[in-house]
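**Student:** So the chains spell out like this:
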Amino acid sequence: MRWLLVALAVFTLALPALVAPATAIEPDEVMDDPVLEARARAIAAGLRCLVCQNQSVDESDSSFAKDVRLLIRERLLIGDGDRQIMDFMVERYGEFILLRPYFAPHTYVLWFFTPFVMIVGIVILLVRLRRRKMLQARPDDDIETSLTGSEKKALYSLMQSDQQREEKPE
Amino acid sequence: MPIELGHFALILAGTVALAQAGIGFFFWRIGGRITSYLRQAAILQFLLVVASFMALVQAFVVSDFSLELAYGYSYTLQPLIYKITAVWGNHEGSLLLWIVIATGFGAAVAFFGKNLPSDLLALVLGVQGALGAAFIAFSVFTSNPFTRLFPPPAEGRDLNPILQDIGLAIHPPLLYVGYVGLSVCFSFAVAALISGRIDAAWARWVRPWTLGSWAFLTLGIAMGSYWAYYELGWGGWWFWDPVENASLMPWLAATALLHSAIVMEKRNALKVWTIFLSILAFSLSLLGMFLVRSGILTSVHSFASDPTRGMFILGMLFAVIGGAYGLFAWRAKSLRAGGLFAPISREGMLVVNNLFLSTAVVAVLVGTLYPLVLQAVNGTLISVGAPFFDLTFGLLMAPLLVIIPFGPFMAWKRGDFVGVTQRMAGAAGLSLLLAVILVMLSGESVSLASFGLLLGIWVGLGAIADIVDRIKLGRIELSQSWRRLKGLPKIAWSTMLAHFGLGVFVLGVVSVSAWEVERVERIAVGESIEIAGYTVKKLDVSRRLEDNFVAEKVDFEVTTPWGWVSQGSSEKRVYTASRIPTTEAGILTYGFSQIYISLGDVSEDGSRVVRVWYKPYIILIWLGTVIMAGAGFLSLSDRRLRIGVPKSSRTVPEPAE
Chain A
32 MRWLLVALAV FTLALPALVA PATAIEPDEV MDDPVLEARA RAIAAGLRCL
82 VCQNQSVDES DSSFAKDVRL LIRERLLIGD GDRQIMDFMV ERYGEFILLR
132 PYFAPHTYVL WFFTPFVMIV GIVILLVRLR RRKMLQARPD DDIETSLTGS
182 EKKALYSLMQ SDQQREEKPE
Chain B
79 MPIELGHFAL ILAGTVALAQ AGIGFFFWRI GGRITSYLRQ AAILQFLLVV
129 ASFMALVQAF VVSDFSLELA YGYSYTLQPL IYKITAVWGN HEGSLLLWIV
179 IATGFGAAVA FFGKNLPSDL LALVLGVQGA LGAAFIAFSV FTSNPFTRLF
229 PPPAEGRDLN PILQDIGLAI HPPLLYVGYV GLSVCFSFAV AALISGRIDA
279 AWARWVRPWT LGSWAFLTLG IAMGSYWAYY ELGWGGWWFW DPVENASLMP
329 WLAATALLHS AIVMEKRNAL KVWTIFLSIL AFSLSLLGMF LVRSGILTSV
379 HSFASDPTRG MFILGMLFAV IGGAYGLFAW RAKSLRAGGL FAPISREGML
429 VVNNLFLSTA VVAVLVGTLY PLVLQAVNGT LISVGAPFFD LTFGLLMAPL
479 LVIIPFGPFM AWKRGDFVGV TQRMAGAAGL SLLLAVILVM LSGESVSLAS
529 FGLLLGIWVG LGAIADIVDR IKLGRIELSQ SWRRLKGLPK IAWSTMLAHF
579 GLGVFVLGVV SVSAWEVERV ERIAVGESIE IAGYTVKKLD VSRRLEDNFV
629 AEKVDFEVTT PWGWVSQGSS EKRVYTASRI PTTEAGILTY GFSQIYISLG
679 DVSEDGSRVV RVWYKPYIIL IWLGTVIMAG AGFLSLSDRR LRIGVPKSSR
729 TVPEPAE
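Going down the list, the sequences are from chains A and B. For what it's worth, our numbering labels the leading residue of the first sequence as 32, then goes sequentially. For what it's worth, our numbering labels the leading residue of the second sequence as 79, then goes sequentially.
Chain B on its own, in the form it takes in the complex:
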């Protein structure tokens, strides 16, 4: 019964969404009562979808195998948390989660958007309604999660063991919030194009949604990367897998959008481009959805699927891209160019940033889609893998990293390149000094990696130098500097943190790529492997019986170069229901570095191949991204950017930056 109720709630939500879309599009000019109706509709739609999602969760928790989905992806002996996460460990359920988040964003716009002009709000909610209706139709007609099974089987088929991990509770929800949040930027862009209201205020209204989605997307991708790192058992953290690329493209587009929206907000320039990016970012989210759910790719992430699903998303993709960009082509000409600026200026730097980031989107897009297109055109099967992306993406990112610190230093409108270079000389010198010291300490010869280090330190220190420069540290009295420091707007801090996080990330990437050490040896109990000064000793082998899997566990004792002794263990598991084997790596963390131990095959004499990696400073990769996301949230907490605030004219004047 609850399942039918959930099913019904979902269909009802779809009709509400449809009504919301129709009324929004046709009566947006009326505003007023229409808008308040639309706001109620958006919230109602969200509540209905949540109810239907809860029905699904309930069926999984009580292991109701008369629900086909619960039978396919659940198992009575799973721990409760995995019973719940199994709801979105499959295509149909994850789509419903996606819809929950999408309608949640619609409801959030309705809830927080009280102070938006009523015609703009009506249009935004109309577009959100249309998207919601399309997603719900996709779910109900092609991927219905509420299909029943009769007679109900006694036991379920269990969730893919790789997914039985806390990662599934964290990674998809975060990522979906990011993907779907971009739909709000999209709706705002379409609403702006229809209503013709495109100005600095618009940029300010959109900014929190961009920031939020970007921060969640950053976290989602980073968590996915860490999950893959510890779960897949071969120690990589980014594989240029098409599905990873599908998440990287919206991220790059959202990063570009974040920066161009600043120009639009502060200087009323780059309007057309910002609108273009808003549409692009969400289109790329949808493209990702298509790649994952159409079955066109084989990947760890892809769901078993049938062609109608692919066609449905493709149709939606064409409607969204075609419709929005058609509107864009029609209306963009009517936009008046905004504030002028010299090429050497903050705006100019942000334009260059956007040039690199959007070209990077193109690089990833081409690499991801080209094999598919080529195969469709003449049947030639090629692979485009890590070596291709390393080259093209890297070529684009290195110069971008060099110029990043210059951006915040530049003045708006007209910057002084020589002056800025002089003011940054300190940071540059210090970076060079630090890089040289680090390389000398590490005892390595000067290599590419040392330049990588330099680049990472430069980006990180450059970010801090901006703050130091703003408070005129050392140039005026310390107490005055302190006062300026306290008076700095949050946006200055978040810029600094985000760029600093990027520097930290780069350091992690460089050090793990260059100084990772690997040993593969066949060892028996009591023998050990020496790696980068660490000693990994194999202690004993035991068997572990859990409710839903059997594990062979190998304990290790790791002695650090400075004499600490700690223990870890690696496992090979076989899951009872699915008979699928998995490897659980043993990971020991020392500061920012890790020892990663993975088990290979056993030979007849009982010895076993053991792979050990020393991963220097690998934690910095994820720490850096978490800092970046944190910077996003910090900026989001800035009172001046809160939705609704733009109404007050008092807040408009910006402190000169």
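Pulled out of the complex, with its shape left as it was, chain A reads as follows:
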């Protein structure tokens, strides 16, 4: 679960850079060029191993995952971009292979629903706050002004005794 780092990435407006995820990659698969290798790993981490139970191609030691990892490296050597390789995989295995779905009309709800709920929540809170302020502006609703003198005194002495209670250890 790298949500924290990803969160921080966006939070600090930086790019997620580091992170070496767990992997099932085998020694003979590793590419000579470390930059290409890092890209291969990142792509593999975003692809679902289709014969496993919720593992990425990067994590699984199934033969399917191994084939896909090798395929990624082949495409990288040809000079394909990351997105091209993703598209290639989707063409070959269907969109199901992407662990993070494309941003497209059929996934708008998926991507927008959470921010939408957050915004609705904030709006509701702000509206309530405004309404409450208007209520408070009316003097009758203010408890302290609606109390009689003797009630105020009683309230004050109650608060005093509460404070004393707090000062004393239990």
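Where hints are given, some of them may not hold.
Stated by the list, open to error - Now the stretches of chain A that chain B is said to cover, found in silico as 3 or more residues with beta-carbon under 8 Å:
| no. | region |
| --- | --- |
| 1 | 84-90 |
| 2 | 121-132 |
| 3 | 138-147 |
| 4 | 151-163 |
As the list claims (entries may be wrong) - Computed spacing ranges between beta-carbons, pair by pair:
| no. | chain 1 | residue 1 | chain 2 | residue 2 | range |
| --- | --- | --- | --- | --- | --- |
| 5 | A | P65 | B | L519 | 36 to 46 Å |
| 6 | B | A602 | A | L102 | 21 to 31 Å |
| 7 | A | V82 | B | G641 | 41 to 51 Å |
| 8 | A | P136 | B | I159 | 51 to 61 Å |
| 9 | A | V61 | B | L519 | 26 to 36 Å |
| 10 | B | G504 | A | Y187 | 25 to 35 Å |
| 11 | B | R492 | A | D118 | 50 to 60 Å |
| 12 | B | I244 | A | R162 | 21 to 31 Å |
| 13 | A | V82 | B | V680 | 17 to 27 Å |
Please keep in mind that the hints were generated in silico from the structure rather than gathered at the bench. Heads up, the beta-carbon is just placed ideally off N, CA and C, and yes, glycines get one too.
Keeping the supplied structure of chain A fixed, place chain B upon it in accordance with the hints.
**Tutor:** Same frame as chain A, now just chain B:
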């Protein structure tokens, strides 16, 4: 014979539950004798279910394969503990365990609830009865654990080897206690809506149940995570598996509930919202049950299943959500708004906390259900996996972590933002200093992870700073500070501990995500792998014959950077009855860090692929969650929160916090 008795006891418990529900709903106003009848019914129902569960356990222990369930999931040569845990290592048996716990909670309410108003108690027990009846009907009609087999086979088919682990004895029971405990909050919410009794006292009655369920849920999820970590053999600890999400959602909702109930208890505000959350938390538990048991998902956790089960739970889910929220929509308007508060106040902070937590529930919910919905709508198959959740969940959690320490510092009603910031400056400065020192010591360049560290330290230190501030350390005489320290209410300590545990958890997550090191090499006996200063040397390979599996065992010798030498071993096992292979990782713990060794394939020359991970401070992940759960139990032990105590008016005044 015992099996038929158990079967009968379960059916009897179902009828008792039905009677309990009917009488509770129709005669709750009478109270008095009705309530005492209901209390007896709840306890009787529990005893009957326990008896039926015991019958099942007995059949597994003596390997009675005339019981279909024992044949399917047991084996004569299993160790006794796995024979017992195998009872709930399958759909039918685990459902019965669920029912045991559900009726157990009903009985607990009946037992401890003596001091509740009798009409409220009658309603709560009525709702519990209805839930119990539904669960028992589900078991008897669609997932009956007592089906017989004739002629009885000579040998069972064994439990899935992955489940033959102490984890199965710990993880499901803890998790179920958490899930099912939320049903009590649900029952209280429904009872409150029907009776119209929704006030600060209600919040205080519900709080122990929320706290208990939350603490158990926390432990259950954490133990499940550790189990997956050491058993599945690829070193991950959270996979955003739909079933994990199904447990995370009730947890998030329960966490939100825990906080909003505080506002309701202390300030009589947020009543409608607290009721809403009580219903939501249990609905999410049921949703989890649906996801796991309907067969709609493929997952490590899912049980083989048939569609009638899915339909049954779906029906129950609709009844619970529809019924409770219908009632909610009908009655919520009649609730009067409680105490007022300014936006910058303790209440305000708790509202913000709830905003983030409930939006996080939505994020996880959407990610988990969207692929299912999309497939049902137009057949498009997509995956929503870790990268999606990392992004959305992370975006919500990071700001929440930043503001958490502010909460306990704020005064009720009207807080002083500038003042609080000043009082927290010390903690903030210290956090920054510590983070800088740690990053410098580690020799890493400044990266995201350093901000992660800062955040973790900030949450942890912020929690401690609250206590330091409360006892006015350094601002008054030390002896007086000491007296204030001793006088602090337990709830202050548990708040501090829970938030501190969260900080510890965050530190673990950050360090293992950022500084984990991995080596995959093909090595022969005598060769070694260097990793993060550690040397992992492959010693020898041996075969191990156990009663129920054959293992190939590889011994390793690990030398630490500071020269300690210790030994560990990894195994590849094949279980005799099921022929299923498993990997047992070798895990060596050094302080809070671990070396994790997993075996790959053997090549023809006898060398073997060995995967080694250095997992820095990974233990903090589980330590943090255990601290959080411990804080829950500590708060539960507070005398003022014990059930029944609210009767006494002496305890009502709170020390100003």
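**Student:** Hints first: check each against the structure and report whether it holds.
**Tutor:** Hint check:
{"no.": "1", "hint": "84-90", "result": "holds (count 5)"}
{"no.": "2", "hint": "121-132", "result": "holds (count 8)"}
{"no.": "3", "hint": "138-147", "result": "holds (count 5)"}
{"no.": "4", "hint": "151-163", "result": "holds (count 5)"}
{"no.": "5", "hint": "A/P65 x B/L519: 36 to 46 Å", "result": "violated, 26 Å"}
{"no.": "6", "hint": "B/A602 x A/L102: 21 to 31 Å", "result": "holds, 30 Å"}
{"no.": "7", "hint": "A/V82 x B/G641: 41 to 51 Å", "result": "holds, 44 Å"}
{"no.": "8", "hint": "A/P136 x B/I159: 51 to 61 Å", "result": "holds, 53 Å"}
{"no.": "9", "hint": "A/V61 x B/L519: 26 to 36 Å", "result": "holds, 30 Å"}
{"no.": "10", "hint": "B/G504 x A/Y187: 25 to 35 Å", "result": "holds, 34 Å"}
{"no.": "11", "hint": "B/R492 x A/D118: 50 to 60 Å", "result": "holds, 56 Å"}
{"no.": "12", "hint": "B/I244 x A/R162: 21 to 31 Å", "result": "violated, 55 Å"}
{"no.": "13", "hint": "A/V82 x B/V680: 17 to 27 Å", "result": "holds, 22 Å"}
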